[in-house]
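2 protein chains.
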Amino acid sequence: MERDPGVAVLRLGHRPGRDNRMTTHVGLTARALGADRAILAGRASAPKETIEDITDRFGGPFEVELTDEPGRVLREWSGPVVHLTMYGLPIQDVEDSIRADHGPEPVLAVVGAGKVPFDVYELADYNVGVTNQPHSEVAGLAVFLDRFFEGAELDREWTDATHRVVPKATGKQVEPIEDD
Amino acid sequence: MERDPGVAVLRLGHRPGRDNRMTTHVGLTARALGADRAILAGRASAPKETIEDITDRFGGPFEVELTDEPGRVLREWSGPVVHLTMYGLPIQDVEDSIRADHGPEPVLAVVGAGKVPFDVYELADYNVGVTNQPHSEVAGLAVFLDRFFEGAELDREWTDATHRVVPKATGKQVEPIEDD
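These protein sequence lines map, in sequence, to chains V and W.
For the first sequence, position 33 matches number 33 in UniProt numbering, and the numbering has no gaps at all.
For the second sequence, position 13 matches number 13 in UniProt numbering, and the numbering has no gaps at all.
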């Protein structure tokens, strides 16, 4: 979202094939709920392509990149690093601190697939639990973003879309957007 | 969650194998974020088993059931039916109405996998979009539940758990719960 502070989402531990759908959902959730950018660790070219296709159709700005060095991304990130984990501190207790703590640098929200290496817990400025129950990295990311942006992400305007959904009480309406 | 109004989650369109992980995430998200019950349409015994294993370990109450007649569940539901769909009305515009509208009957939150039959749109009392962007039924459900319960679900107490996570700023701590 083009407002301060921006959020990038780092997806760790992607396993090609097996995790394609979950990683795609992580990236699409990041895009839909106000993040600017998804960084996918590992051979995640299939999810990257799907997320870019959606951005081409429904708008951006939203960037997707792959990395073979997620540890370096974590270590070199200049803004706050927020690792979403069921073992972390309750989001309702730390969300205000996270918002207050950031300067002009974007937040990096980190979500794993399966077991996350221990150094991620140590490199994170905040280990945050959206509940301390096992559920879904997609759900944790969604609640984190909605709370971080305090709902403002739902009013985001999209640019360079070719199509848009017209909200309806019943049924489906998608309309093309004509370039001026 | 043991407070009014309860929420049940109906998962439509499960394809065995292919959707196991997504359906499991839907069910675990429902449990973690305050719903009482998940109803899984189709041959979803593998997700059912995983969700029940988590409930046995980390607590309930939470029920999981399978149905071959999701249309009947929808038609016979006595409380409000909320279908989460990218084509629906913005959640920020309708969440207050949904809360105000329910009586003592639980809400049924409906999420699809892939294409949802058109009669679901017609049977729903509310078609609700968590954004009008394509992303994830897990993310949509998570944001819906967090908003519906206004965050109270994060303070839920769990019963009959054998283990609990102790929230930590860094690292992981899971402790057994001893029965008295």
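Hint data in this document are derived by calculation from the structure and do not stem from the laboratory.
Quick caveat, the model's predicted, so the values are computed rather than measured.
Among the hints, a few may not be true.
In this list, chains with the same sequence are indistinguishable; a pair is considered to hold if it fits within one copy or across any two.
Unchecked claim - With a straight-line Cα cutoff of 27 Å, these simulated BS3-like cross-link-like pairs (lysine-lysine) come out:
| no. | residue 1 | residue 2 |
| --- | --- | --- |
| 1 | Lys48 | Lys168 |
| 2 | Lys115 | Lys48 |
| 3 | Lys115 | Lys168 |
| 4 | Lys172 | Lys115 |
Hint check against the structure, violated hint numbers in rising order:
1
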